[in-house]
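Novice: Taken in order, these protein sequences are the chains called U and S.
When you read off a place in the first sequence, starting at 1, and then add 42, the result is the number in my numbering.
When you read off a place in the second sequence, starting at 1, and then add 152, the result is the number in my numbering.
Take these hints with a grain of salt, some might be off.
[Claimed, not checked] As a list, the in silico DSSO-like pairs of lysine-lysine whose alpha-carbon atoms are at most 30 Å apart: (1) Lys94(U) with Lys180(S); (2) Lys86(U) with Lys180(S); (3) Lys256(S) with Lys98(U).
It is worth saying that the hints were derived from the structure and are not from the lab.
Keep in mind the model is a prediction, meaning the values are calculated, not measured.
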Amino acid sequence: MRHPDIPKWSYQLFKGFCHGDFFEELQGDLEENFIENKQLFSLKKARSIYRKEVLKMIRPSVFKQLKILSFKMSHLPKNYLKTSIRAIKLNPFYVFANIFGLALALSICTIGYFNYRFNSSFNTYFEKANNLYKIHGLRTSDRTVGTSAIPLVDALKTSDIPAMRYTRETIPVRLQKKLFNESVGFADNEFYQFFEFKNLNGNPISAPDNNEIIISARTALKLFNEPYPVGDLVYLVFPNQNEVSFVVKDVFENPPTNTSFFHSIMISLDNYFESYDIDRNDWSQWVDGSFVYATKNELPRIEGILNDFKDIQNASNPQLEISKFTLDNVLDWPRMESSLYAGRFREHLHSSSVMGITGSAIAILLLACFNFINTSIALSGKRLKEVAVRKIMGGNRKSTIFQFMLENALMISFAVMLSYLISLLLIPSYNALFQRELIQMDKIPFGEILTFSVILISIVTILSGAYPAFHVSRFAPIAIFREKVALSGKNRLMSVLLTFQFSLCFYNMAGLFILIDNAKYQDTLDRGYGLENVVNVPLNRPEQFDELRDLISQNSEVTSVAGTSSLIGFTSEERNVAHEGVEYFAALLNVGSEYPKTLGLRLSKGSFFSNANAPKDEIIINQMLEDELGIDLLNQVIKVGDENLKVIGIVDDFNLRPIMMSNRIVPTIIKLSDKTDFRYASIQTSGNIENANEFVEATWYDLFPRELYNGFYQKDVMDNVTETNKIMIIINVFLGVISILISVLGLYTLVALTVQRRSKEFGVRKVLGASRNVIIGLLGRNLYWILGISSVMGLASAYVILKTVMDIIYAYHIDANIIHFTKAVLSVLFIVVVAVGYKMWQTGKLNPVQQLRTE
Amino acid sequence: MKETGLGEFQEIVLLAILILDENAYGAKIQNEMSHRLGRTISRGALHAALTRLSEKNFIESTFGGATTERGGRRKRFYSVTNLGKSALSDAKTIRDEMWTLVPKVHFQ
C-alpha cells in the first residue's frame, strides 16, 4: 500500500524496477523519511525529495533482474552473440544487402529528422528567446507588416519596456585594396544584451561603440585571414563613397543557420542613422525589426502601449496603415516570416518540404522493414532445425525469441551506424539541393544524435524483428523434424508489392539513362555563340568602360573588349517589329559595336557594325526573325517600335537566356547602343579564362580601388541547367539504388520461399525426368510476370513523367527513346539475374535424393 | 600491512551502524550519515554500499516487526559482523600509524 501523499508515478516506477527482495526495506525507508520530511519541511518538498530518491535508486544493485535478462545471465550470454555472428556469417551477402537497404532507408529518416529539427529548434540559439517578442503590424485587408517605424522603440523605452531595433544592409567593406560585399546588421545596444551572440569563448558579445565593429568568425578568416583580428581596422563604404573606419572589437561565432539573423558584421544602429542620413524621430522611416523583452503577463500591457502610437505611425504612412500592433515570440516568428510584408529575415523551411521528406522517409522505411521481415523469415528457414534442437535440448521459446531478436538488433544497430555515415555523405548534396545549409552537423549535439539513433534502433527492431522472431520460434520440434512446417503461404501480397517496387526500379533506371543523356546533350548544345572564353564585368558608371578597355586590351591574350548595355543570357528587352504591315514580337539587345564579335555570334549574311560611330539606324537580326518575316531582309528597312531601321547583317540563331523553363530561341534584334548606356564590359580571351578574370580584376582595382569588382563568366549562363541536372541525377541515383536493393531483396525472398515450399515437388519432377531448365522455368514463372508487368508500368511512367517534367523545366531537352528503355531493362535484368539467378540455378541442379529423402 | 578492502564511504556506513547499535536500519543510518557528514546521502547510494558490505560479510541483517509509519512494512536491522569489526579496526590502525608518521610541522 502506498501512503496517499507519496507521488504516484514515482512509486509505480520504483515498484516497477526495484528488485522484490529489497522493495519492502527500501520503500519502507523512503516512506519513513517522506513522513519525517513532510513534518520538517512541507508536503511539496517531501514529495520532491521522494522523487529524487527514487531516481537515485536507479542503479544495478537495486534493479530487478528482468526475466529475459536473468535468463541471459544464467546461460552463457556469449553463446548468444556467437550464434548470432555465425548466423550472420552464414549469409554474408544477403545480410549485408539487407543491412544496406535498411541503412539507406534509415538515412532518409535521419535527414528527415534533421529537417524537422531545423524548424523545431529555430532561434533556440538565443537563450532568452522565450521572452523575446517581435513587433508586427496587423492590417485588415493585407499581409501583416514585419518592419516597424524607427521611433516606436524609443517610445516604448519611455515606458521602461526593454525594446530594441535591428536592421540589415549589404555594404562593401574595404580592406587595403580589396573590397568585399558584406551583410551588415545594425542594432541598438539593448539588442546585444537580449539576443546573445556568442564570441569565440562562448561568452555573449557586448554592444560595440560607434567606431567599433563585430565580425563573424567566417568573415574574420575571409577578410583578415586570421581567426581573431581584434584591434584591426576595416572601412565600410556607405552610400556616396562615404568611407568610415571601424576597429574590430570582437569576433562572434557564426550562429546555426536556423537563426533569423544572417549578418556577417554587426555595428551600432547610430551608424545607420548617421551614414544613411536618417532622422530617428521620423515615423515614416523603417527598420527591419523591433523587439521587446517581456514576460507573458506583460504582453497585454505592452500591446496596449504600442497601440497608443498606432495613429501617429499611420498618419506618417498613409500607404501602409495598420489596424493593430501584435507581439509574436521569436520562436514562432520564423514560421510566419515568409508571409510577412517586407520580411527581411531568415524563415522556416516550408512545412510541406518537411512533411514531404518525413512522409517519404517513413514510407521507404516501412518498405525496407517489410523486406527485412520477409528476408529474415526466408533466411531462418535454413535454421528451423536449429530451433528444434534448441527446444529439445531444453531451450524454451523465450530463448529462441531472444536469440533472433538479438541477431536483428545487431544487424539493425549496424544499419543505423551505416545510415549515419550515409547521411554524412548525403548532407552536402542535400544542402546544395536547397542552396542553403539546412543541416549543420557540427551544430547538432552528439547526445541528440545518439538518442535519436537509440530510438530508431528500438523502433525498427520491434517493427521488423519481432514478427520473424515470434513466427519462427513458434514451431514444435516434432513438426520441424517431420518437415511439416511451411514458412508461408502463397504470398500474393508480396507479388503485388514486388511489382510496384520493380516498376519503381524500371522508372528510376530509365530516368537515370535519360537524365544522363540529357545532361550531356544540354552541356554540349550549341547556344549559337561562344560561352567558354568571355568574362563580363558590370560597370558602376558608363565612363568606366573606356578606362578599363584601354588597360585590358594591352594584354596579348585579350582578343576583344566590348561595352554593352544588354547581356546575352542575362538581360534583354522586348519590342514589336513591323514589316509590310505584319507585326511580330522580338527581343532587343542594345550593345556596343564590338559586342557581337566578342560574344562569337556567327554571321551568315551581311556584316557586323563597322565601328562605334556606325549609323544608329543599323541593326543586326537573327535567322529566326528573318524566317518569321519570310523574305531576304538584308539591307531592307523594318519598323522596330517607332523607328525605321536597316538590317545590315543576319546571324545564326542563338539562345538569349539560359535554356530553362520556356526560354526558347526568339526572334532577336541587335541594335547599337550609346556609349553612355554601357552597363557591362565583355572581354574575350584566347587564353585561360580564370587567368583572364584575375587579370581583369587586378586591373579593375588599379583603376577603381574603392569599388567592388563583380565580374563573372559568360558560361555562368549554364549554371542553372547544370545544377538542376546534377540534382535530378543525384536524386535518381539515390532512389534507384534504394528501390533496386529493396526489390531485389524482396525477389530473393520470394524465390527462396518458393524453393522451400515446393522442394518435394521439384524432387519428384526431377525423378520423373524434368530437366534443370524446366525447374528454373517453374521457379521463375511468378517472377517473369512481375518483371513483365512492372517493366511496362515503369517505363511508361518514366516516359510520361519525365517528358512532362522536362517540358516544364527545360526549353530544349532530349526525348526518351528505345535505347534508354533497352538499357534500363537490361540493367535491371542483369541485377536480378546476379541476385537470384544463382539461387535458381542451384535449385535446378539439386540432387532429387536430397529433396525427397526422409529419415 | 593488511588489505582491508574497505572504502571510505563503506567505513562510514559501518561506523554509523555501530553508533546506532540496536536501532540500525536503512532510514536511520541514512539520517545519521547525512547528519555526521553534513551532506545528503541518497538511500540508493546507501543501498549500494550495504550490498557490497554484506557481500564481503562485513555486516548481517535481520527483519524487525511491522510498523505503521512505514505503511506496515518491516525494518531490516543491520549489525556489524566480527569480520567487519576487525576490518574497521585494521583500517583505523593503518590510519593511526600513518598519522604518527606525519611530521608535526604540517599542522602547526
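Novice: Does Lys98(U) sit within 30 Å of Lys256(S), going by the straight-line distance between their CA atoms?
Specialist: 42 Å, violated
Novice: Is Lys94(U) close enough to Lys180(S), meaning Cα to Cα at most 30 Å?
Specialist: 18 Å, holds
Novice: Measure nothing beyond the straight line between the CA atoms of Lys86(U) and Lys180(S); if it is 30 Å or shorter, mark the hint as holding.
Specialist: With a Cα-Cα distance of about 22 Å, the restraint between Lys86(U) and Lys180(S) holds, given a limit of 30 Å.
Violated hints amount to a single one, hint 3; each of the other numbered hints is respected by the structure.
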